[in-house]
Amino acid sequence: MDVIVIGAGIVGAAVARSLARAGVGVTVVERNAAASGTSSSGEGNVLVSDKEPGPELVLARYSSRLWPMIARELAVELGPTFPSIEFDRKGGVVVATTDAGAEPLLEFAAKQNEVGVDARPVELDEALRLEPDLTRKATAAVHYPEDAQVQPAAATEALLASARAAGVKVIEGAEATGGIRSDGGRLTGIVTTAGELRADAVVVAAGPWSGEVTARLDAPLPVRPRRGMVLVTSRMPHRIFHKVYDGDYVGAVGSDDAALQTSTVVESTAAGTVLIGSSREHVGFDSRLRVAALREIAAKATALFPFLADIPVMRSYGGFRPFVPDHVPVIGPDHRLRGLWHATGHEGAGIGLSVATGELLRDLMLGHEPQIDPAPFSAARPSLAPHLEEVA
Amino acid sequence: MADVLVIGAGPAGLAAARAARTQGALVTLLDAADDVGGQYWRHLPDNRSSERERVLHHGWAAFTELRRALDRDDHCRVLRSAQVWAIEETDAARRKEAPPAQQASEGELRRTTVHILVGPADGAARERLTLKPDAIVVATGAHDRTLPFPGWELPGVFTAGAAQALAKGERVAVGERVVVAGAGPFLLPVAASLVQTGSAVVGVYEASRSRTLASGWLPRPWLLARAGKKGVELAGYVVRQVRHRIPYRTGTAVVRAHGTDRVTAVTIASVDEQWRPVRGTERRVAADAVCVSHAFTPRLELALAAGCELDDAGFVAVDADQRTSVRDVYAAGEITGIGGVELALAEGTIAGHCAAGGSATDDVLRRPLRARSIYQEFAQRMHAAHSVRPGWTGWLTDDTVVCRCEEVNCGALRAAAAATESSSLRSLKLSTRAGLGICQGRICGRTVEKLLADAGPHGRLRDDARFDRRPIAFPLRLGELATDDQ
Chain L
1 MDVIVIGAGI VGAAVARSLA RAGVGVTVVE RNAAASGTSS SGEGNVLVSD
51 KEPGPELVLA RYSSRLWPMI ARELAVELGP TFPSIEFDRK GGVVVATTDA
101 GAEPLLEFAA KQNEVGVDAR PVELDEALRL EPDLTRKATA AVHYPEDAQV
151 QPAAATEALL ASARAAGVKV IEGAEATGGI RSDGGRLTGI VTTAGELRAD
201 AVVVAAGPWS GEVTARLDAP LPVRPRRGMV LVTSRMPHRI FHKVYDGDYV
251 GAVGSDDAAL QTSTVVESTA AGTVLIGSSR EHVGFDSRLR VAALREIAAK
301 ATALFPFLAD IPVMRSYGGF RPFVPDHVPV IGPDHRLRGL WHATGHEGAG
351 IGLSVATGEL LRDLMLGHEP QIDPAPFSAA RPSLAPHLEE VA
Chain X
1001 MADVLVIGAG PAGLAAARAA RTQGALVTLL DAADDVGGQY WRHLPDNRSS
1051 ERERVLHHGW AAFTELRRAL DRDDHCRVLR SAQVWAIEET DAARRKEAPP
1101 AQQASEGELR RTTVHILVGP ADGAARERLT LKPDAIVVAT GAHDRTLPFP
1151 GWELPGVFTA GAAQALAKGE RVAVGERVVV AGAGPFLLPV AASLVQTGSA
1201 VVGVYEASRS RTLASGWLPR PWLLARAGKK GVELAGYVVR QVRHRIPYRT
1251 GTAVVRAHGT DRVTAVTIAS VDEQWRPVRG TERRVAADAV CVSHAFTPRL
1301 ELALAAGCEL DDAGFVAVDA DQRTSVRDVY AAGEITGIGG VELALAEGTI
1351 AGHCAAGGSA TDDVLRRPLR ARSIYQEFAQ RMHAAHSVRP GWTGWLTDDT
1401 VVCRCEEVNC GALRAAAAAT ESSSLRSLKL STRAGLGICQ GRICGRTVEK
1451 LLADAGPHGR LRDDARFDRR PIAFPLRLGE LATDDQ
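In order, the protein sequences belong to chains L and X.
Once you know that position 361 of the first sequence is 361 in my numbering, the rest is easy, because the numbers rise by one and skip nothing.
Here my numbering runs 1000 ahead of the position in the second sequence, where the first position is 1.
Bound conformation, chain L alone:
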């Protein structure tokens, strides 16, 4: 069996690796360079804390189980000269800073507890033990020991290198421009700017560009770019030990309001910088700086950690997250075009969800029993139907 994967971001790399290790012949086609888009423009979140009970949480917990294993496999396989993926199960601390915010946060944690998430409400003194420089004005805090972090670009490169070692061919600088169909109407290949490629199946893993790519294959998905910006401080001694975020984060992820939304995630990196993210805006593929967005995340970060007010911001970066209107990734076969498969729509969670996405897609494609229920991720799910009509 031969499969084409469109997109060499972390999802494409994970899918290619999972398939190749199961004996499938895989060619990854990338318009630009591997790991040059969304996968190198975010923080590298491997989170369960921000997800309410539902299919995305199930997928997140599946991924969360896989990551430590895969991190070890990659380290052994690629050796010490390969850049470290910096996998770190540092845990998360979600903090409410207003009286109004305290109750919803604790309720959210209680619901997660019911389905087995390790969510531990903590008193202020315990929160300050976890994060000594945290604001004294915290009204509620929940500790999530399962939350983890990877360096997203290195993780993508590592998954891709491992895929290559399993026989995957990667073609960079080749943009998919259209599909090739058999007489029976099945998708049997793609046309690219570097020539035609044929295969038994085509997987779209083009992140925020998946809307455009699926349209070119005549089976459009309603995937749109949603912009996120991150601030980076200068290096300093470690004073932040977990992923720390304000309670608003939970509300912002589930929303599709086009206006600017921010909620702050603050964390230290292995290099000693502090990352502060992230805003969410529907502005198309417009990468121009917006001071208002940066100002808001800066204000929220200094509210969480007052000492940050004196720390210099060195740079900002940002990128586009693949947004789907019903907020659930699309993983599995397309019900309109045989031969077409999807692995996209992870919005800001693609780094964390990538490895489970790869395993799930492999099991579906090879007819194995999947580890989790695939139905909620199907392109044919009812909640996506009206949006498919919109882009048809």
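Treat the hints as calculated values from the structure; they're not laboratory data.
Remember, it's a predicted structure, so these values are computed and weren't measured experimentally.
Heads up, the beta-carbon is just placed ideally off N, CA and C, and yes, glycines get one too.
Hints may contain errors.
Stated by the list, open to error - Selected chain X positions facing chain L (in silico; Cβ < 8 Å):
no., residue
1, Q1380
2, S1423
3, R1433
4, R1462
5, R1470
6, P1475
7, A1482
With chain L's structure known, arrange chain X on it following the hints.
Structure of chain X alone, referenced to chain L:
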């Protein structure tokens, strides 16, 4: 009256401010330094002013007159210690190629927003200023580029620009026995400044070989003769060199600096036409300071933030009016091509005049237009004679530090590119940390880009990430960012 913002108060910015005022605009002229003049006319603070500025600076009288005129002018606001930290380009319709129907109306034109912090960088309370001018002249200049070599991180090794700034701005000699090396005519005024502050210059080592120099400088000498003033300036340096008996060697480079706590000696070697070091030609020269400059890197971040497109050579693309690809944004001086002070003055004058509503066809621009054409030709010669050749990487060793902020060496860069087979600068930067330190790749960016491109399997980088893009152009404190303008 149009209001024109001029960013950068070196020769190009000063000339632009004056021309815009002459054309009747209200002008704001700002510079990050504590006085105007730029790198070229860098000088002692006024409270320590010296008669010797005249000796150290070409065109000093012209500069002081220009500065005095602008300072006295009620319609020209001069902001010193003013740092533009961000430019927001919020309306794509400003692009001049947009059809008129799509171009923004008069009210909407004032959309490019310039965010400024005024006050000393370490000051507790810098003033925040947000401007939405009718037109902008970007004249942010260039800084010198030093190619790394083993030992270049030792104390006592300076960029030639830093050494000259210390000499001109502080009257500090960088050492007693100083080696000057690199490429380009800039090495000569640096050597001259060093001599004037009391250093002994052991030698000036120019990497380009005499044949390369000749093929750049000698053809069509009648054109060169038009650049009379520049010729006089260079001749002045040559005379001074002879007087101080400074040896000037072509086809040679500093390939290693020696020392433990600071530099005590350097290894000089012959290099071929591609700047590859020639084995067996190495010799050791004792020195307590080394000043090195191989080229100039334009300061592009603000022009890029404003949305300006670059030309094939990597400078800001401008038309005859010095207008960029963005309507109402003009560029002048070294960011449009390295060319020296006369070219910067001519381009600045044209840019300021046009930014204030004039046109390059106006009669008053006859002289600056002629000067621009003469000195552009001069700049092409300079480029042909002295531009960086690829063979210099031959003097690198695996343990040569490339990114000094994050302490990333050449071997680590090459290993990461080889292991990942990556052609994404964005990805490789994150994996190696090269260029992610406090200088944000201003020192090593071009070098990192070249080494990663050479080391990868494709011989080039495919993504559009470049070190020159710095949406936050200058570090500011989170508290300053979090505060509203009002």
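Here is what the structure says about each hint:
For Q1380(X), the shortest C-beta to C-beta distance to chain L is roughly 33 Å, which exceeds 8 Å, and the interface hint is violated. With its C-beta approaching chain L no nearer than about 4 Å, S1423(X) sits inside the 8 Å limit, and its interface hint holds. A distance limit of 8 Å between C-beta atoms decides the matter here; for R1433(X) the minimum to chain L is near 6 Å, and the interface restraint holds. Interface restraint check: R1462(X) against chain L, minimum CB-CB distance 4 Å, threshold 8 Å, status holds.
The beta carbon of R1470(X) is positioned within 8 Å of a beta carbon in chain L (closest approach about 6 Å), and the interface hint is therefore held. Because the smallest distance between the Cβ of P1475(X) and any Cβ of chain L comes to about 4 Å, under 8 Å, the interface hint for this residue holds. Taken as an interface hint, A1482(X) checks out: its beta carbon lies about 4 Å from the nearest beta carbon of chain L, inside 8 Å.
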